[in-house]
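**Q** Protein chains in written order, with the numbering used here: chain A, -9 to 322; chain B, -9 to 322.
In short, the hints are calculated from the structure, not lab data.
Treat the hints loosely; a few may be bogus.
Quick list of in silico lysine-lysine cross-link-like pairs, DSS-like style, CA-CA up to 27 Å [claimed, not checked]:
| no. | chain 1 | residue 1 | chain 2 | residue 2 |
| --- | --- | --- | --- | --- |
| 1 | A | LYS313 | B | LYS222 |
| 2 | A | LYS160 | A | LYS123 |
| 3 | A | LYS92 | B | LYS199 |
| 4 | B | LYS160 | A | LYS92 |
| 5 | B | LYS50 | B | LYS150 |
| 6 | B | LYS274 | B | LYS160 |
| 7 | B | LYS50 | A | LYS123 |
| 8 | B | LYS140 | A | LYS(-1) |
| 9 | A | LYS313 | B | LYS160 |
| 10 | A | LYS296 | A | LYS313 |
| 11 | B | LYS140 | B | LYS150 |
| 12 | B | LYS160 | B | LYS150 |
| 13 | B | LYS150 | A | LYS123 |
| 14 | A | LYS(-1) | B | LYS100 |
Number of protein chains: 2
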Amino acid sequence: MLTIDLKLKDIGEREAIEIIANILDTEHLFKDTIGIGDDCAALDLGERYLLVTTDVIAEKTHIPRGASPKDIGWHIIAINLSDIAAMGGRPLGIVVALGLPKILSVNFLKELAEGMKDCASEFGISVIGGDTKEHEQLTLCGTAFGVVGKEEIMRREGAKVGDVIAVTGKLGRGGSAYYALERKTESKKTIHSLLRVFPRVIEAQVLAKTSSVNCCMDISDGLASSIYQLGKRNDVGFEIDLEKIPIAKEVNDISTNEDELKEMILYHGGDYELLLTIKRERIKEAIEAVKNVGTSLTPIGLVTKKKENVLITSKGMEALENKGYEHFRGEV
Amino acid sequence: MLTIDLKLKDIGEREAIEIIANILDTEHLFKDTIGIGDDCAALDLGERYLLVTTDVIAEKTHIPRGASPKDIGWHIIAINLSDIAAMGGRPLGIVVALGLPKILSVNFLKELAEGMKDCASEFGISVIGGDTKEHEQLTLCGTAFGVVGKEEIMRREGAKVGDVIAVTGKLGRGGSAYYALERKTESKKTIHSLLRVFPRVIEAQVLAKTSSVNCCMDISDGLASSIYQLGKRNDVGFEIDLEKIPIAKEVNDISTNEDELKEMILYHGGDYELLLTIKRERIKEAIEAVKNVGTSLTPIGLVTKKKENVLITSKGMEALENKGYEHFRGEV
């Protein structure tokens, strides 16, 4: 009999997660726990949830060659805090496990720790613990935790037909950086801005307090991929207006045509903005709340009953593609 | 000017941790937080502490070749729970970030998840979240959390002159397994027992309730190394009676002389027992409490005023050496 020995590269990250999630039992989850499938897990603390999230990055797969240790240290804290933000949480602390090559210089380690401290301080927390182990490849695993009121928690579930879909900040920083690195332009500055993610911790907390948000996630996997995930989860579709998407300056600097621009803002990961669906009647309030803390919140479309994701461009309607970066398979 | 570019292999894991700890600020620690230096970090939850611990392992540095995915999955959960146990905590849950090679088989991933589930279930918790990323080398990072009453928490700090020092279970399983692997005897069974760590979660909770414990840590770095760490932390010394140390059957099977025996039970890592100092007048109560849950607690010596660590053997007194496995430097 022929047995097919499937590899992770054949199934991709999302199917791998599903396989794991189906095996791990939920029998021992405590009452009111939120398990796998949101940006964070959440444990019942009475009036509040304890949010927990973990994110690992490694040298060859996530860190561009030439990255400074300070930027790497900042990055591992920032991407974890972005998940706390996605659920509206206030960060409490973070632990970081480091896998370090034994030939790593002590100075590199010092600067790595400084970068971690800088990012943690920026968001009012400390690195409260960790682990250091020998590893052939520089590997960093952060686990952040925070709290959020049960009335305020923002989840991936909750989008309603008629909701406005909106994003914080401007999109395409991640995508344009990948293009720039491939074209070998401005690499130092580009790597710096790629790694210096500024998670929407403050914006998320003010949004959570407005009661205007029906669902939320961060778009680290790319905008289109995130929209597909929200659509599947909520049994809805999305109508996205390309011209309304707020575009980062870096994208305009580097993209040479609309296809490239779309790749950078729709189909690339590495932006850590929030994607939210918001009650139509409260969209002004939400925009105002985010504006008050110095950031923009931009409506980019609507939640639709029809379970398709479409993109409205100057040329008409087209299908939004379900593609983005997926681990194990690369660009799909 | 000559600049010396120090590497981690020149300074070792413990100095590396000190460097990191000195850089990371504690300014943003919330009231009553316990930071770096104990088996877990602890955050103030009012009457209780939230305990958090993180531990990373990787293919080439921590997982013997030929290990089964189920055993690896069990191991990453177990070693994290051992840190929760070391502080007397009740585990609440765990998240696991996986760095996976894209050519890993889907079956391997399934069995890995099953091993994780088995260990979590054994201790009444679930894996509530995680991350999967592409990595050249199989890398697993677990972060467990738990709770402990403020009156019950066991810390590395607290040893008093005159305390009895005691260990749970029997020592040398880790050390004897390394010897066996080096000698290539019984490798399948040996790897299985090396990875199937059984953390002292129940014993720790029972001990924490007796109010007999002055300090506690797990001995994953080796008994001698742990004793040195407790001595330094508490400004005391220890007198250890070699003949009182409870020895695992595997050690007797494989050691050919007293020096080898000492290496296995004193100077090798990989045992996940608890090392505690206990108020002299309450030692019987502590032993009884652990016996009631099916495990032994064995007094092996005393805490002394003289800040030296000595070993009493059949031949007399000798210095307990400050050696054990240290990451980046290997056996030191």
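**Q** Output the numbers, in ascending order, of every earlier hint that fails for this structure.
**A** 1, 2, 3, 4, 5, 8, 9 and 13
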